[in-house]
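Put chains B and C on the given structure of chain A with help from the hints.
Protein chains in written order, with the numbering used here: chain A, 1 to 245; chain B, 246 to 319; chain C, 320 to 661.
Misleading hints may appear alongside valid ones.
Stated by the list, open to error - Derived DEER-like restraints, expressed as beta-carbon distance ranges: (1) Q292(B) with G623(C): 16 to 26 Å; (2) Q546(C) with Q292(B): 25 to 35 Å; (3) I341(C) with E49(A): 28 to 38 Å; (4) R551(C) with F16(A): 18 to 28 Å.
Stated by the list, open to error - Quick list of in silico lysine-lysine cross-link-like pairs, DSS-like style, CA-CA up to 30 Å: (5) K442(C) with K416(C); (6) K27(A) with K39(A); (7) K27(A) with K574(C); (8) K416(C) with K46(A); (9) K227(A) with K205(A); (10) K412(C) with K39(A); (11) K27(A) with K442(C); (12) K39(A) with K409(C); (13) K63(A) with K46(A); (14) K39(A) with K442(C); (15) K409(C) with K46(A); (16) K590(C) with K252(B); (17) K211(A) with K200(A); (18) K92(A) with K104(A); (19) K46(A) with K442(C); (20) K27(A) with K46(A); (21) K27(A) with K439(C); (22) K590(C) with K574(C); (23) K138(A) with K148(A); (24) K439(C) with K46(A); (25) K46(A) with K412(C); (26) K27(A) with K416(C); (27) K442(C) with K409(C); (28) K75(A) with K63(A); (29) K39(A) with K439(C); (30) K439(C) with K412(C); (31) K590(C) with K442(C); (32) K412(C) with K442(C); (33) K412(C) with K27(A); (34) K27(A) with K379(C); (35) K39(A) with K416(C); (36) K590(C) with K379(C); (37) K200(A) with K227(A); (38) K574(C) with K439(C); (39) K104(A) with K27(A).
In case anyone wonders, no lab produced these hints; they're calculated from the structure. Here the structure is a predicted model, which is why all the values come from computation and not from measurement. Backbone N, C-alpha and C define an ideal beta-carbon position, used for all residues, glycine too.
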Amino acid sequence: MEALGINLGFLLVQVFNFLLLLILLRKFVFTPIVNMLEKRRETISKGLEDASIAAEARENAEKEAEKLLSEARSKAATEARELTARAEAQAKEIIKDAEAKAGKAREAALAEVDQERVRVLGEVRGQVGALAVAAAQKLIGEALDAKKQQTLIDEFFSGVKAGKVTVLEGADAAGSAAVVTSALPLSAAEQSSVQEQVLKTLGGKGEVTFKVDPNILGGLVVRVGDKVLDGSVSGQLGALRQSIR
Amino acid sequence: MEAEAAKMIGAGIAMIGAMGAGLGVGLAALGGVQGIARNPDAAGTIQTSMILGIVFTEAIAIYCLVVAMLILFI
Amino acid sequence: MAKQEATRKWKYGVNRWIALAIIIAGVIAAGMYPPLRPYISLPAEHLTDTLFYFPLTGEKFFLTNTMVAVLIADVFLIALALFVIRPALKSGKQVFKGIVGVVEALVEVIYNLTAGTAGKWTKTIVPIFATITFLVLTVNWMELIPGVDSIGVINEISLEHAHHVNPDLHVETDCDIDPLFTIGNTNVVSIGGQPDCAAAIAPFVRAAATDLNFTLGLAFVSFMAIQIIGVRAQGLRYFEKFINIRALGKPGMGKIDFIVGIFEIVSEFSKIISFSFRLFGNIFAGMILLLVIGTLIPVAAQTGVLMLEFAVGLIQALVFGMLTMIFMAQATQSHHGDEEHH
Numbered sequence: 001m002e003a004l005g006i007n008l009g010f011l012l013v014q015v016f017n018f019l020l021l022l023i024l025l026r027k028f029v030f031t032p033i034v035n036m037l038e039k040r041r042e043t044i045s046k047g048l049e050d051a052s053i054a055a056e057a058r059e060n061a062e063k064e065a066e067k068l069l070s071e072a073r074s075k076a077a078t079e080a081r082e083l084t085a086r087a088e089a090q091a092k093e094i095i096k097d098a099e100a101k102a103g104k105a106r107e108a109a110l111a112e113v114d115q116e117r118v119r120v121l122g123e124v125r126g127q128v129g130a131l132a133v134a135a136a137q138k139l140i141g142e143a144l145d146a147k148k149q150q151t152l153i154d155e156f157f158s159g160v161k162a163g164k165v166t167v168l169e170g171a172d173a174a175g176s177a178a179v180v181t182s183a184l185p186l187s188a189a190e191q192s193s194v195q196e197q198v199l200k201t202l203g204g205k206g207e208v209t210f211k212v213d214p215n216i217l218g219g220l221v222v223r224v225g226d227k228v229l230d231g232s233v234s235g236q237l238g239a240l241r242q243s244i245r
Numbered sequence: 246m247e248a249e250a251a252k253m254i255g256a257g258i259a260m261i262g263a264m265g266a267g268l269g270v271g272l273a274a275l276g277g278v279q280g281i282a283r284n285p286d287a288a289g290t291i292q293t294s295m296i297l298g299i300v301f302t303e304a305i306a307i308y309c310l311v312v313a314m315l316i317l318f319i
Numbered sequence: 320m321a322k323q324e325a326t327r328k329w330k331y332g333v334n335r336w337i338a339l340a341i342i343i344a345g346v347i348a349a350g351m352y353p354p355l356r357p358y359i360s361l362p363a364e365h366l367t368d369t370l371f372y373f374p375l376t377g378e379k380f381f382l383t384n385t386m387v388a389v390l391i392a393d394v395f396l397i398a399l400a401l402f403v404i405r406p407a408l409k410s411g412k413q414v415f416k417g418i419v420g421v422v423e424a425l426v427e428v429i430y431n432l433t434a435g436t437a438g439k440w441t442k443t444i445v446p447i448f449a450t451i452t453f454l455v456l457t458v459n460w461m462e463l464i465p466g467v468d469s470i471g472v473i474n475e476i477s478l479e480h481a482h483h484v485n486p487d488l489h490v491e492t493d494c495d496i497d498p499l500f501t502i503g504n505t506n507v508v509s510i511g512g513q514p515d516c517a518a519a520i521a522p523f524v525r526a527a528a529t530d531l532n533f534t535l536g537l538a539f540v541s542f543m544a545i546q547i548i549g550v551r552a553q554g555l556r557y558f559e560k561f562i563n564i565r566a567l568g569k570p571g572m573g574k575i576d577f578i579v580g581i582f583e584i585v586s587e588f589s590k591i592i593s594f595s596f597r598l599f600g601n602i603f604a605g606m607i608l609l610l611v612i613g614t615l616i617p618v619a620a621q622t623g624v625l626m627l628e629f630a631v632g633l634i635q636a637l638v639f640g641m642l643t644m645i646f647m648a649q650a651t652q653s654h655h656g657d658e659e660h661h
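Chain A extracted, bound-state conformation (with noise of 0.2 Å):
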């Protein structure tokens, strides 16, 4: 111990030291400044809270101000889409009326085209005719009772025989419209005397139209609702045509 230096009143002295020094540091230092510690901590604590409270404010008034814009927002797109839709349906409008006009003119022009052709054809009618006779003459080589010819034309073209429309003899049909077609535009004496037999078979009521088709070459077609009566010359020869076979 005495090598060491180990000396028990020089420890004891300086375990008195550490204690008198201890108790006056504890005093004035430590004690001091462990309180000042502990209330910075607590104001800074506070602080925090008081900054974290401000700070939930901001973000609820951050909130609100995102709800107001994306209301306003989703307003301001259904009034553009109301808009728009609107815009889209005057257009289709506007260009329905244009389709519309469109083709009530071309149905007029097709109307006028129809008329012209008839009237054409009509003419044609008396010339054909003619023609007819005389190529028949030339082919018989005698002379023809011309107007008993005529009469004949007339009827082969017209479908109708002493008055009576040959198609309609012993047919029934029920129907409230029917239509007419012929080879070559009927005259206005024809048509009335068709209308009326047609309408007396349809059983007095109903709506005639008159149709001209060169191709069925002569008689009529009439056909009432789904039911077709053909009197007509190619329908005839249709028929033979397969009867020949």
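Structure of chains B and C alone, referenced to chain A:
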């Protein structure tokens, strides 16, 4: 052999023990650095325990030193 | 930008030249006044004759150089507390500058460490932890001041001792050492002079932790603090950790628990030894290192050792306090600890 020479050799031999302490301090530092590298957030805690471990390990070397000094000076 | 760079370059240049000038001055000084091989004595040297006798033990009291260091540290710390820190704290400010800021930061570190370990006993433990740290820190860093450990009087006892250990060694009386100055009939000398001479001088101030009385005293205080806080926290049940009579009644592992308790007593007392020798060993080794490096390589090399000692002084101060704190915190908890010490 002179007593003085024997003392010096003895002190030298006593300090061999510091070898293990050096190894131990190195290992402690290794562990600490690895821990900090894996989890840098825990650096404070790891440093404290690492220093404590290093101090305990170092105490062995200090004992060697004290023995060596006792041999030399007494 | 260019200007700033120029300024920095200029500054760096100045520092470089100052360092070079200091090294050159060191070389000249070492050549004119070569350092002596130091004579290192383990016990603290006596500076005076017997002043008085201790009342109870009857031992002689000398003023030793480590005692001087402790007194200086005491005066420094008390003056700091009374004349610097107390007014600053009373001023009611929240933020401090300078040395008060440093002290406050260190106390905050100590407080945080304690609060993390000790829980509700924090306020009791912090002053002890902090006082140990501040005292040891002051005393350790004193070692770094030039003149401490190196300026003193020729020590007759040490001289005799040195002559006795190594008769071949020249001593001061043989080689005339120029005294720095003279007080009365005492020549004040420094480590320095002729290379062959041993300087058996008693420095006026020697780092206090190189005296086992100081470290043992601190360790004893720390030990007592641990026991006292243990009893305060748990009452007499604290001693159950050491003498576990209840465990004897239990079957099986009970007897082993009792024996473990006996070992706890041994480990408790070995704390004193390990505390005191850890601090003593570190600082004493540092002192020897400083002296030896200073005499072997007189120029510049000591700077590195000084930096090392700066760190060691801080770490040892903190560790002494921290271990005290941890053991005190353990003593307040009732489960008997698995690892009481290293």
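*Broken hints, by number*: Checked against the structure, the hints that fail are numbers 3, 7, 34, 38, 39, while the rest are satisfied.
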